[in-house]
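Asks: With the hints as extra help, turn the sequences into a complete structure.
Those sequence lines, one after another, are chains A and B.
The first sequence begins at 1 in our numbering and counts up by one.
The second sequence begins at 1 in our numbering and counts up by one.
By construction, these hints were calculated from the structure, which means they are not laboratory data.
One thing to keep in mind: the hints can contain errors.
Since the list gives no way to pick one copy over another, a pair counts as held whenever it fits inside one copy or between any two copies.
Unchecked claim - Under the rule of at most 35 Å between Cα atoms (straight-line distance), these lysine-lysine pairs were calculated in the DSBU-like manner: (1) Lys106 - Lys6; (2) Lys53 - Lys6; (3) Lys70 - Lys246; (4) Lys106 - Lys212; (5) Lys257 - Lys6; (6) Lys244 - Lys140; (7) Lys73 - Lys212; (8) Lys111 - Lys70; (9) Lys70 - Lys140; (10) Lys140 - Lys263; (11) Lys140 - Lys167; (12) Lys6 - Lys112; (13) Lys112 - Lys70; (14) Lys212 - Lys244; (15) Lys263 - Lys20; (16) Lys257 - Lys246; (17) Lys111 - Lys246; (18) Lys244 - Lys73; (19) Lys167 - Lys70; (20) Lys167 - Lys112; (21) Lys263 - Lys112; (22) Lys246 - Lys53; (23) Lys20 - Lys140.
Quantities reported herein were computed from a predicted structural model and do not represent experimental measurements.
If you want the building blocks of each chain, they are given just below.
Number of protein chains: 2
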Amino acid sequence: MDSIEKLSSAAQDYLSRVAKEAEAKFDEHLPPVTDRPCRLHEAMRYSMFAGGKRLRPGLAKAAFDMFGGKGDKIWLATSALEMLHTFSLIHDDLPCVDNDDFRRGKPTSHKKFGEATAVMAGDALCIQAFELMGRAGNAKAIEVLARLLGTYGMIGGEMTDIECEGKEVNLEIVDYIHYHKTAALIEASLLVGALLAGASEGDMEIIRNYGKSIGLAFQIVDDILDIVSTTEELGKDAGSDIEKGKATYPSIVGLEKSRERAKELYEESIRALDALPYDTQILRAIAAFIITRVK
Amino acid sequence: MDSIEKLSSAAQDYLSRVAKEAEAKFDEHLPPVTDRPCRLHEAMRYSMFAGGKRLRPGLAKAAFDMFGGKGDKIWLATSALEMLHTFSLIHDDLPCVDNDDFRRGKPTSHKKFGEATAVMAGDALCIQAFELMGRAGNAKAIEVLARLLGTYGMIGGEMTDIECEGKEVNLEIVDYIHYHKTAALIEASLLVGALLAGASEGDMEIIRNYGKSIGLAFQIVDDILDIVSTTEELGKDAGSDIEKGKATYPSIVGLEKSRERAKELYEESIRALDALPYDTQILRAIAAFIITRVK
Numbered sequence: 001m002d003s004i005e006k007l008s009s010a011a012q013d014y015l016s017r018v019a020k021e022a023e024a025k026f027d028e029h030l031p032p033v034t035d036r037p038c039r040l041h042e043a044m045r046y047s048m049f050a051g052g053k054r055l056r057p058g059l060a061k062a063a064f065d066m067f068g069g070k071g072d073k074i075w076l077a078t079s080a081l082e083m084l085h086t087f088s089l090i091h092d093d094l095p096c097v098d099n100d101d102f103r104r105g106k107p108t109s110h111k112k113f114g115e116a117t118a119v120m121a122g123d124a125l126c127i128q129a130f131e132l133m134g135r136a137g138n139a140k141a142i143e144v145l146a147r148l149l150g151t152y153g154m155i156g157g158e159m160t161d162i163e164c165e166g167k168e169v170n171l172e173i174v175d176y177i178h179y180h181k182t183a184a185l186i187e188a189s190l191l192v193g194a195l196l197a198g199a200s201e202g203d204m205e206i207i208r209n210y211g212k213s214i215g216l217a218f219q220i221v222d223d224i225l226d227i228v229s230t231t232e233e234l235g236k237d238a239g240s241d242i243e244k245g246k247a248t249y250p251s252i253v254g255l256e257k258s259r260e261r262a263k264e265l266y267e268e269s270i271r272a273l274d275a276l277p278y279d280t281q282i283l284r285a286i287a288a289f290i291i292t293r294v295k
Numbered sequence: 001m002d003s004i005e006k007l008s009s010a011a012q013d014y015l016s017r018v019a020k021e022a023e024a025k026f027d028e029h030l031p032p033v034t035d036r037p038c039r040l041h042e043a044m045r046y047s048m049f050a051g052g053k054r055l056r057p058g059l060a061k062a063a064f065d066m067f068g069g070k071g072d073k074i075w076l077a078t079s080a081l082e083m084l085h086t087f088s089l090i091h092d093d094l095p096c097v098d099n100d101d102f103r104r105g106k107p108t109s110h111k112k113f114g115e116a117t118a119v120m121a122g123d124a125l126c127i128q129a130f131e132l133m134g135r136a137g138n139a140k141a142i143e144v145l146a147r148l149l150g151t152y153g154m155i156g157g158e159m160t161d162i163e164c165e166g167k168e169v170n171l172e173i174v175d176y177i178h179y180h181k182t183a184a185l186i187e188a189s190l191l192v193g194a195l196l197a198g199a200s201e202g203d204m205e206i207i208r209n210y211g212k213s214i215g216l217a218f219q220i221v222d223d224i225l226d227i228v229s230t231t232e233e234l235g236k237d238a239g240s241d242i243e244k245g246k247a248t249y250p251s252i253v254g255l256e257k258s259r260e261r262a263k264e265l266y267e268e269s270i271r272a273l274d275a276l277p278y279d280t281q282i283l284r285a286i287a288a289f290i291i292t293r294v295k
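Replies: Here's what the structure looks like:
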């Protein structure tokens with residue numbers, strides 16, 4: 001069996017390859033800056049092309065391929081998923097929400113374009129994502145995606161995260177926040193890929209469990225990196241969770257136990273994949289990458 | 001032929017009837033305030049139940065029925081359309097956008113719940129709307145709706161409206177703003193109803209033209225009412241367009257010519273309906289209501 005480091009490296013190669021193709025599609029799926037309202041289109045593109053691992057497109061593509069999906073429609077979904085992720089980042093960074101000035105080493109949308117444009121750019125990316133999902137032609141995938149994005153998913157996690165700032169919280173609440181804020185969209189990415197490929201209900205359930213585990217692991221690692229990394233490494237303010245009184249894993253159970261929990265979740269995700277009669281190599285590698293990543 | 005006043009009165013009866021049924025469905029389609037995140041669910045409900053004519057649900061239902069639609073799925077769409085309208089109002093009212101304190105005689109979302117919750121409540125309503133549309137099961141309707149909501153539709157109009165505040169604009173720009181900001185979602189409501197009923201391409205084109213005409217007329221009447229009404233009648237600040245230097249019809253062509261244009265658009269909308277071999281009585285009545293309404 002390959003070492004976790006070797007798996008992680010394979011995942012990075014895979015994600016880079018998908019990112020390249022997905023980014024070419026972003027360009028096609030985003031309105032041109034020459035069309036009115038030009039500045040809004042510029043703001044949408046600015047945040048979409050600010051870099052990032054393109055993890056959600058990578059997961060959607062991996063699930064789609066694993067379940068035998070055919071054709072080009074997956075690229076509509078990869079653009080939609082990255083747009084939805086970017087929309088959430090733009091709105092989270094707003095002065096009235098997290099008030100962050102930098103993201104991926106660049107000024108945040110509202111610092112660059114002003115608050116009104118940032119609000120609208122987020123809205124526009126969210127809507128554009130659903131237009132692309134409509135074009136992909138699978139209404140069930142839209143329902144599942146929206147459910148995991150809304151108040152029982154990502155938005156619910158973000159809202160609770162904001163409400164809990166500076167408050168005493170327990171592990172149950174941090175789990176709720178982390179699962180909803182981060183894992184839900186990761187889970188949705190896998191499910192959308194699976195649905196577009198026509199996966200069975202049973203397979204969907206398995207991939208959902210894998211997604212929950214790696215999604216939660218992803219956020220715990222994020223919390224750890226916020227403490228142990230420098231601002232330069234992260235491209236955003238290191239230590240900002242503590243400064244803002246954010247509810248994090250390490251703040252409740254400490255760094256060591258947080259690392260153990262991430263490792264356990266990794267193992268759970270691999271066990272989930274064991275039940276699938278397909279080539280799960282890429283998803284195994286991505287799980288390894290998620291718990292070993294340093295930014 | 002019925003007088004325009006009689007038609008308008010019939011339309012109000014129709015809209016009230018649909019509103020009652022649609023509002024019962026809003027309650028079903030909105031998350032309960034007892035579910036986490038409670039305050040966000042409260043904010044979503046607060047704005048959704050702040051009143052309003054429920055014009056978009058009324059138009060969707062009228063188109064659905066006219067084209068022979070069957071079953072309950074239209075009520076998923078009527079909830080979705082009102083959620084999308086409400087989402088746009090919440091974000092437009094934000095301090096960084098239009099900075100409005102009152103809407104329909106009540107404090108705006110951010111005045112009542114704070115800015116962060118208002119941003120998230122808008123986002124959540126937008127996402128919830130697409131979940132419901134996903135449940136309605138027609139991916140084409142989602143694509144068409146999102147297109148008319150996004151930067152080539154409503155959001156494009158809002159953004160241009162913000163950018164033009166206090167600037168010298170011509171009629172072409174005001175037409176662009178009005179069509180996109182207001183008419184696009186009105187047109188979308190009719191098209192969604194038509195698509196869910198299985199209307200033909202040709203019928204869709206006709207209903208689209210009707211929608212464009214009444215949508216533009218609706219916004220011109222809005223501009224006129226902002227000048228001639230009192231704050232109490234409107235439930236929001238009268239005269240606020242002038243105060244904010246908004247691009248409006250009367251500010252460019254004057255009140256009288258604005259009224260004439262609204263009348264012309266009304267006539268165009270009726271001519272569009274003449275081409276349809278269905279019972280267009282309700283849509284005729286709604287057009288009459290739109291140009292005769294006083295709030």
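Asks: Are the hints correct? Go through all of them and say.
Replies: Hint-by-hint comparison with the structure:
1. Lys106 - Lys6: within (31 Å within a copy, 60 Å between copies)
2. Lys53 - Lys6: Within one copy only: 18 Å inside a chain, 61 Å across chains, cut-off 35 Å.
3. Lys70 - Lys246: Neither: 42 Å inside a chain and 50 Å across chains, both beyond 35 Å.
4. Lys106 - Lys212: within (30 Å within a copy, 41 Å between copies)
5. Lys257 - Lys6: Only inside one copy: Lys257 and Lys6 sit 24 Å apart there, 73 Å across copies, limit 35 Å.
6. Lys244 - Lys140: neither (38 Å within a copy, 43 Å between copies)
7. Lys73 - Lys212: Cα proximity of Lys73 and Lys212: in one copy and across copies (24 Å, 31 Å).
8. Lys111 - Lys70: neither (41 Å within a copy, 50 Å between copies)
9. Lys70 - Lys140: Both ways: Lys70 and Lys140 sit 18 Å apart in one copy and 20 Å across, limit 35 Å.
10. Lys140 - Lys263: Within one copy only: 33 Å inside, 43 Å across.
11. Lys140 - Lys167: neither (38 Å within a copy, 45 Å between copies)
12. Lys6 - Lys112: This pair counts as neither: shortest intra-copy Cα distance 39 Å, inter-copy 53 Å.
13. Lys112 - Lys70: neither (40 Å within a copy, 49 Å between copies)
14. Lys212 - Lys244: Result: close within a single copy only, 26 Å intra versus 48 Å inter.
15. Lys263 - Lys20: within (29 Å within a copy, 53 Å between copies)
16. Lys257 - Lys246: Within one copy only: 18 Å inside, 57 Å across.
17. Lys111 - Lys246: both (22 Å within a copy, 25 Å between copies)
18. Lys244 - Lys73: Neither way: Lys244 and Lys73 sit 41 Å apart in one copy and 45 Å across, limit 35 Å.
19. Lys167 - Lys70: Neither way: Lys167 and Lys70 sit 48 Å apart in one copy and 51 Å across, limit 35 Å.
20. Lys167 - Lys112: both (31 Å within a copy, 22 Å between copies)
21. Lys263 - Lys112: neither (38 Å within a copy, 43 Å between copies)
22. Lys246 - Lys53: Close inside one copy (24 Å), not across copies (42 Å); limit 35 Å.
23. Lys20 - Lys140: both (28 Å within a copy, 29 Å between copies)
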